[in-house]
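Visitor: Here is how the chains run, residue by residue.
There are 2 protein chains.
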Amino acid sequence: MIVSSHGTHRTLFVLVSATVALVLAIRVGGAQTTAPDGREVPARMLPVPNTVSLELQQLLAAPIPGNWNTPPNTPEEWDAFAAQIDRAPRDPQPLLDRFDIRFEPMVVNGIPAYMMASSVIPPENRDRLLMHLHGGCYMMGGGVAAMYEGAMLAGFGHFRVLSIDYRRPPAFPYPAALDDAVSAWQGALEIADAKKMGIFGASAGGALTLSTVLRLKQGGLPLPAAIAPGTPMSDLTKSSDSFYTNRLVDNVLMGTEARCQAMAEVYADGHDLADPMLSPVYGDMNGFPPAVLTTGTRDLLLSDTVRVHRNLRRAGVDAELHVYEAQAHANYVRDIPEAREAFEEMARFFDTHLDR
Amino acid sequence: MIVSSHGTHRTLFVLVSATVALVLAIRVGGAQTTAPDGREVPARMLPVPNTVSLELQQLLAAPIPGNWNTPPNTPEEWDAFAAQIDRAPRDPQPLLDRFDIRFEPMVVNGIPAYMMASSVIPPENRDRLLMHLHGGCYMMGGGVAAMYEGAMLAGFGHFRVLSIDYRRPPAFPYPAALDDAVSAWQGALEIADAKKMGIFGASAGGALTLSTVLRLKQGGLPLPAAIAPGTPMSDLTKSSDSFYTNRLVDNVLMGTEARCQAMAEVYADGHDLADPMLSPVYGDMNGFPPAVLTTGTRDLLLSDTVRVHRNLRRAGVDAELHVYEAQAHANYVRDIPEAREAFEEMARFFDTHLDR
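If you read the sequences in order, they're chains P and W.
Each residue of the first sequence is one higher than the last, beginning at 68 in the numbering used here.
Each residue of the second sequence is one higher than the last, beginning at 68 in the numbering used here.
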């Protein structure tokens, strides 16, 4: 028992010493590299605002699902999830009908895509082309759903839009989507002049818009004349403040323990999440084309968006920010009256910056 | 007992009927004019982000005061509060020293003011003048403190700045501050040409910037060439969504039960809070000059700011929005590295839009 007791004391001593050392290390580290402690924000009632459209009010009134923080976990669960994703895609047909848009499935430099054009293309837009990279946390939103957001800019803005159906994880993780976006861009350069072209997309599509430009810069390839990264998923390292301020305020993305971050990490496939090709907020934005950014005050990616805006401005880029009242993540890409306002801002921006 | 029992049943019946009627009335009313019900957002930890300056991290780490929601209430309490306000004003002297700014107290068309200029005024700014309306919930920030924010734009932007020391409640409620701002503007028109002038200010000063332009429009007076309403207190009716999403996230304004809203209501002095001269988000912004708006993602007035931005854009006004990561209300008007960025954006905007 005495030996045992000595052993216990020694173990305790070692544990205490290690703990003290660890605490000291954290303290010392904290003074230099980490932020001060945070604080708890108490529970609060969140009313639905009456200053926005009834359609948006309905979206904002949707409850947080009970299972919001239990995404798939094992490879098998992800495979099962992925197999279900494309069974009920967001249907672009009502939008195509509403705007009288014709589309043509095509393959651009090996990448499947949809070329869309409304029946009314004004003369100044006849030689212009916008390449669209859809959202969906890298894993969702492919197939015909890839057209949905593209149809909005084709419809509200009367531009020709080429929506790219890039490869997705788990079968095709990073850098497949980015490779496809760059390949599609190279193919699109044979359809139109880069000075008459833009790139846009929301969420993962916003991040891909930014990372594609980073890749084009690296490769010395022609850049688009303007870009519209919508609420870009620009920081997978969970460093953005709105991940915490808008946690469970945003009823679309909910929080970082929800499905979207998990899908993005499946896409990242073990690569460093801080790599600018995965978290473009850390990229060098010098020489970027003019950019218009869109988000909402309830967006979990509000900070992801405004941090990109600031980085662009610090790099001297002509960058515009539009933040919509009370909107959660990518609400402006839904069928609500506010969508017109957001896409007309983007269309006006492209019209200003693209050659005719 | 039988009568009593009948009575009880009757009372219950009346209560139930009244409740049903009330619920029906709410439902019917709800379908037409009020928003759907809200939901509860649970408590959460709010870390201090490490992507912002250490100086801003220190501001963000400040706790919420325990008495945050107990503002003065009676006229006597307000008088006592007001008597204390000017005893420890925010001292502009360190800023004046840092930027080598000389100031001159003066009276402009009957209104006390401070004319400021740094030792370096570039040729293009020699005939330009910015009128500054300070913040402080209408009640605070007067006297020499009126210069503080003005000194930042004078210093970072090398503009001549005229800071107005308008009258304040409880002694001088609405419309005294607005009357003074308009009078000072009329006086300033004898110093400089309206096409070479701007108006700016944060918080209550942002609201006054907007309501002054509304008044100038009404009176057919010359408008400034550009304005910079910073985080304008644009809606005293508590309709902005960020009053709820950023409640106790913003450790400067805290929430609508805190002192600032109470001070603004003392200023309003019983007038309709929805009057555009008190809540300029409800004003007609057609014909407004170009505007640059500034706020932060944690700002209780984030929505007050973005709603004004949207209203300006809908009115076809050239309006820019800058939202800074993690900043609470008017943090950019504090001595933090991010202040330079915010005021240089404003200075660049004025330089673009003011005649030389």
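Hints are computed from structural coordinates only; laboratory data are not their basis.
Don't take each hint at face value.
[As the list claims (entries may be wrong)] The following residues of chain P were derived to be distant from chain W, with all beta-carbon distances above 10 angstroms:
| # | residue |
| --- | --- |
| 1 | Asp153 |
| 2 | Leu369 |
| 3 | Tyr391 |
| 4 | Glu412 |
[Claimed, not checked] Quick look at which bits of chain W chain P covers, simulated, 3 or more residues with Cβ under 8 angstroms:
| # | stretch |
| --- | --- |
| 5 | 105-118 |
| 6 | 124-135 |
| 7 | 255-269 |
| 8 | 383-389 |
Glycine included, every Cβ here is placed at the ideal spot set by N, Cα and C.
Visitor: So, for every hint listed, does it hold in this structure?
Guide: Here is how each hint holds up against the structure:
1. Here aspartate 153 of chain P stays apart from chain W, with its beta-carbon at least about 31 angstroms from theirs, past the 10 angstroms limit.
2. Listed as a non-interface residue, leucine 369 of chain P fails to keep its Cβ farther than 10 angstroms from every Cβ of chain W; the least gap is roughly 6 angstroms.
3. Against chain W, the non-interface label of tyrosine 391 of chain P is violated: not every CB pair exceeds 10 angstroms, the least being about 7 angstroms.
4. With a least CB separation of 7 angstroms from chain W, glutamate 412 of chain P falls inside the 10 angstroms interface cut-off, contrary to its annotation.
5. Residues of the stretch 105-118 of chain W lying with their CB closer than 8 angstroms to a CB of chain P number 14, which satisfies the three-residue condition for coverage.
6. Only residues whose C-beta sits within less than 8 angstroms of a C-beta in chain P count toward coverage, and the stretch 124-135 of chain W has 6 of them, enough to reach three; the restraint holds.
7. Counting residues of the stretch 255-269 of chain W whose beta carbon lies closer than 8 angstroms to any beta carbon of chain P gives 0, which falls below the threshold of three, so the coverage claim is violated.
8. Here the stretch 383-389 of chain W counts 3 residues with a CB under 8 angstroms from a CB of chain P, which clears the bar of 3, and the coverage holds.
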